[in-house]
Amino acid sequence: MDTLVPIEDRGGPAQPLLLATGLRKHFPVAGGLLGRTTKVVRAVDDLTLSVAKGETLGVVGESGCGKSTVARLLIRLIKPDKGTMVLDGDPVDEPHGITVNELRRQVQMVFQDSYASLNPRLTIAETLAFAPRAHGLPAAEARERVRDLLSKVGLDPANYATRYPHELSGGQRQRVNIARALALRPRLIILDEAVSALDKSVEAQVLNMLVDLKTELDLTYVFISHDLNVVQYLSDRVLVMYLGKIVELGPVEAIYGNPQHPYTRALLSARPSMDPRKRTREAPIQGDPPNPIDPPSGCRFRTRCPFAEEVCARTEPLLADTGHQAVACHMRVAGSGHSKAMAA
Amino acid sequence: MTNMLQVRDLHVTFVTPDRTVHAVNGVSFDLARGETLGILGESGSGKSVTLRSILRLHPEHRTRWSGSIKLEGDEVLEMGPKALSDLRGQRVSMIFQEPATAFDPVFTIGQQIAETVRRHTGKSETEAMKRAKDLLEMVRIPSPAQRLKAYPHEMSGGMRQRAMIALALSCNPTLLLADEPTTALDATVQIQVLLLVRELQREFNLGVIFVTHDIGVAVEVSDRIGVMYAGKLVEMAPVERMVDAPQHPYSRGLLASTVHDGMRGQRLESIPGAPPDLAEVPSGCSFAPRCKFVRPDCTAAIPSLRDVEAAHAVRCVLAA
Chain B
1 MDTLVPIEDR GGPAQPLLLA TGLRKHFPVA GGLLGRTTKV VRAVDDLTLS
51 VAKGETLGVV GESGCGKSTV ARLLIRLIKP DKGTMVLDGD PVDEPHGITV
101 NELRRQVQMV FQDSYASLNP RLTIAETLAF APRAHGLPAA EARERVRDLL
151 SKVGLDPANY ATRYPHELSG GQRQRVNIAR ALALRPRLII LDEAVSALDK
201 SVEAQVLNML VDLKTELDLT YVFISHDLNV VQYLSDRVLV MYLGKIVELG
251 PVEAIYGNPQ HPYTRALLSA RPSMDPRKRT REAPIQGDPP NPIDPPSGCR
301 FRTRCPFAEE VCARTEPLLA DTGHQAVACH MRVAGSGHSK AMAA
Chain D
345 MTNMLQVRDL HVTFVTPDRT VHAVNGVSFD LARGETLGIL GESGSGKSVT
395 LRSILRLHPE HRTRWSGSIK LEGDEVLEMG PKALSDLRGQ RVSMIFQEPA
445 TAFDPVFTIG QQIAETVRRH TGKSETEAMK RAKDLLEMVR IPSPAQRLKA
495 YPHEMSGGMR QRAMIALALS CNPTLLLADE PTTALDATVQ IQVLLLVREL
545 QREFNLGVIF VTHDIGVAVE VSDRIGVMYA GKLVEMAPVE RMVDAPQHPY
595 SRGLLASTVH DGMRGQRLES IPGAPPDLAE VPSGCSFAPR CKFVRPDCTA
645 AIPSLRDVEA AHAVRCVLAA
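Residue numbers (the working numbering), protein chains in the order written: chain B, 1 to 344; chain D, 345 to 664.
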C-alpha cells in the first residue's frame, strides 16, 4: 500500500478534523521523603477543543499555561491521563479507531528550536527522506520527494539537499522543519512557537510561506504562540489559555475586537504600543502567573483579576457561549452570584 | 543636555584560532544624562556587543577593539583593572535577559545586593542589608524583608528581573545598560518591567541604553532609536520620527515586516535573504545584497552616516 498519497477527506467539511474531549494531563512532581510524589503540575485540565477543516486555530497564553502540553497531547507525544481524540471521525488509539502511528501520519508538528529538532548527523535530504522511506517509498521516489519538498519551502534543492543543519541559518532550518512536517502529506500541522525564535525580517518570510502552503496543500493549522500579533495575523479562531484551562475561545475578530474575559483583555492591552504618542501608562494586571502546581481554587485567574469576588474562589466558571465567543467567567453568566453578572 | 557618553568609531573583533568575527564595525553615538536610547537590531547585528563594550565585558585575550568610549570624560577602553571594577556596578550597571543566570544561585538576593553595596560604598553589613531592603521596595517587590532571604530560584521570572534592577541601581549609577531585559518574560509581566524601567529612569535621571529586537518594546521606552545591521548603525532618529518616517531600506523593511494590529489578510512585506557573515570586513553597504533599491555606488564604498535632518542620521546613498 502506498501510504503517501494524499489522504481523502472522509466526513465532509462539517465534521471537525480533530476533536479532543476532556483532555487532562497532570505531571507528578517528585518531592518529600524518598522522592514520593507529593504534588502534581496540572498542566492541562479537562480541555475540549475542535479543529475545523481548513482553519487555523491560534492558541495563546503565557508560560506555564499548558499550550505546549496541548500540542504534545494532540500529536500524542505524551499520553493524556484522561480524554479522547477523534480524527475526522476515527477515534484515536481505540479498538475501532486509528492507531497513534496513523494519527502522526496525518498530524505533524513543527517546534520552536529549529536546531534541536533536526538530527545534526543527517544531511537535509536524509532528514526529509527519512519518514517517506520508513513508510515504504522507494529510494528514487524519496529523492524526488525531497526535491519537491525543498522547492515548496523556497530552498533550492541543488544547493541545500546535501548540507547539514549547522550549515544553515535559523530561518533556513525552520523551512527544513516545515518541509519535514509536510513529507508525509499530513492534513493537520501543529506549529508550536514555530516562528518565535526567528528574526522579524525572517519571521515575515516564513509566515508568508505558511499562508501559501496552507492554500496550496489544503492544510489545517494549530498555531501556538505567545505573540498575540502573529496569532491575530494567522488565525481564524483563537483559544486563550490560563493555567491549564481555556478562558476564552472564539473567532479572531471577536477575541481581538471584543474580548470578554478579564485575562484576555489584560493580555491584549499588555502588548507594547507601536505608537510613541500612545505609550502604555499602566500595566493591565500586576504580578506573575501563579505556579500551576497549586492553582487557585475556583477561577484560576481570580488571584490577579481586578473583579474577583467570593463566588470566583468558590466555584469554577465553565466555558459558556455568549453568542460570538465562549468565555469562562462568572461575570458573563447570568445568575452566577457575581455582582457584575446579570440576574438569572 | 550634556553628553555623558560618547562612543566614537567603535570596532570590536573577536579572534579565535578558527575564525575572526567583525562584530562591530564603526559605531558612533552620544548619550545625554536622562536620555533613553533604544538600540534595535536582529541577532548578530552587534547590538549586544556594542552594549557590553561599554563595560568591557568581552574576554580580553580574544577581543580586539579600536575607537573610543568616553564616559563623563574617562576613556573606558584604556582603563586598568582597578578603574574598571570601580566603573562596573557603580557608575555604569547592566541588566540582562536571563535574571536566573545573572544571579548566583547559592546566595540569597539580599546577600547579593548587599555585597555590591558594600564593595562600592564601604557600608557596614547591617547598613547594606537595609539598603537592599529599600531597593527591593523601590522596585515594588511585595514583602521585601522576606524576599531578602529568598534564593533566586524561589522567585518568579518577573520578580527576579525586578531584583536584578534593584541590584543594578544599588550604587546609584548614572548609566544603565539593558540587554533585552524583558525578552524572556511573559507579556503581562514584560509591560510591568518596562514601565518600572521607564519610571526609575525618570526618577533618577538615568542615561539608559536599551537593546532589543522588539520594535514595540523600543517604542515604549526610547527617546531615540538606533537601528543596527551587520555591526553598524544604519539609522538613528527620535522615536516618533523612526516610527513615522524611517529612511533606511532596512529600517523600513524591519518596521513593515513586523506584524501588528490590522495586518490580517495582507501579505507581509519581508526582507529577502539573511544577514551577512561577519567574517569579513565589509567594503560597501552590508545591506546591499538584500536591498531592492541597490545601485552600483552602494557596493563601491561604505556609505557614511549622514544627517538628513536635525537628529536624524541615515547610512544610505539614497537618503536625501
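There's no promise every hint is true.
Claimed, not checked - Heads up, simulated DSSO-like pairs for lysine-lysine below, C-alpha to C-alpha not over 27 angstroms straight-line:
no.: 1; chain 1: B; residue 1: Lys79; chain 2: B; residue 2: Lys39
no.: 2; chain 1: B; residue 1: Lys79; chain 2: B; residue 2: Lys53
no.: 3; chain 1: D; residue 1: Lys467; chain 2: B; residue 2: Lys39
no.: 4; chain 1: D; residue 1: Lys636; chain 2: B; residue 2: Lys152
no.: 5; chain 1: D; residue 1: Lys467; chain 2: D; residue 2: Lys493
no.: 6; chain 1: D; residue 1: Lys467; chain 2: D; residue 2: Lys477
Said to hold, decoys possible - Using C-beta positions, here's what the derived DEER-type ranges look like:
no.: 7; chain 1: D; residue 1: Pro582; chain 2: B; residue 2: Ala14; range: 49 to 57 angstroms
no.: 8; chain 1: D; residue 1: Pro361; chain 2: B; residue 2: Ala116; range: 37 to 45 angstroms
no.: 9; chain 1: D; residue 1: Arg408; chain 2: B; residue 2: Arg24; range: 55 to 63 angstroms
no.: 10; chain 1: B; residue 1: Arg314; chain 2: D; residue 2: Pro582; range: 50 to 58 angstroms
no.: 11; chain 1: D; residue 1: Asp605; chain 2: B; residue 2: Arg314; range: 55 to 63 angstroms
no.: 12; chain 1: D; residue 1: Arg363; chain 2: B; residue 2: Ser273; range: 34 to 42 angstroms
no.: 13; chain 1: D; residue 1: Asp641; chain 2: B; residue 2: Tyr164; range: 33 to 41 angstroms
For the record, the hints were derived by calculation from the structure and aren't laboratory data.
It should be emphasised that the depicted structure is a prediction, and the values quoted were computed from it without experimental measurement.
Every residue gets a Cβ at the ideal spot worked out from N, C-alpha and C, and that includes glycine.
Consistency of the hints with the structure:
For the hint pairing B/Lys79 with B/Lys39, the CA-to-CA distance comes to about 19 angstroms; that is within 27 angstroms, so the pair holds. For the given pair, B/Lys79 sits about 24 angstroms from B/Lys53 by alpha-carbon distance, which is consistent with the 27 angstroms threshold. As the CA atoms of D/Lys467 and B/Lys39 are separated by approximately 44 angstroms, the hinted pair breaks the 27 angstroms bound. Simply put, D/Lys636 and B/Lys152 have alpha-carbon atoms about 24 angstroms apart, close enough for the 27 angstroms limit, and the pair holds.
A distance of roughly 19 angstroms separates the Cα atoms of D/Lys467 and D/Lys493; the hinted pair therefore holds under the 27 angstroms criterion. For the suggested pair D/Lys467 and D/Lys477, the alpha carbons sit about 14 angstroms apart, so the restraint of at most 27 angstroms is met. Roughly 55 angstroms separates the CB atoms of D/Pro582 and B/Ala14, a value that falls within the hinted 49 to 57 angstroms. The hinted window of 37 to 45 angstroms between D/Pro361 and B/Ala116 is violated, with their beta carbons roughly 27 angstroms apart.
Checked against the given bound of 55 to 63 angstroms, the beta carbons of D/Arg408 and B/Arg24, roughly 57 angstroms apart, stay inside it. Taking 50 to 58 angstroms as the suggested C-beta distance range, the pair B/Arg314 and D/Pro582 conforms, at roughly 53 angstroms. For D/Asp605 paired with B/Arg314, a C-beta distance near 37 angstroms fails the hint of 55 to 63 angstroms. Checked against the hint of 34 to 42 angstroms, the C-beta distance between D/Arg363 and B/Ser273 comes to roughly 41 angstroms, which is consistent with it.
Checked against the given bound of 33 to 41 angstroms, the beta carbons of D/Asp641 and B/Tyr164, roughly 38 angstroms apart, stay inside it.
Going down the numbered hints, you'll see the structure goes against 3, 8, 11, while the others check out.
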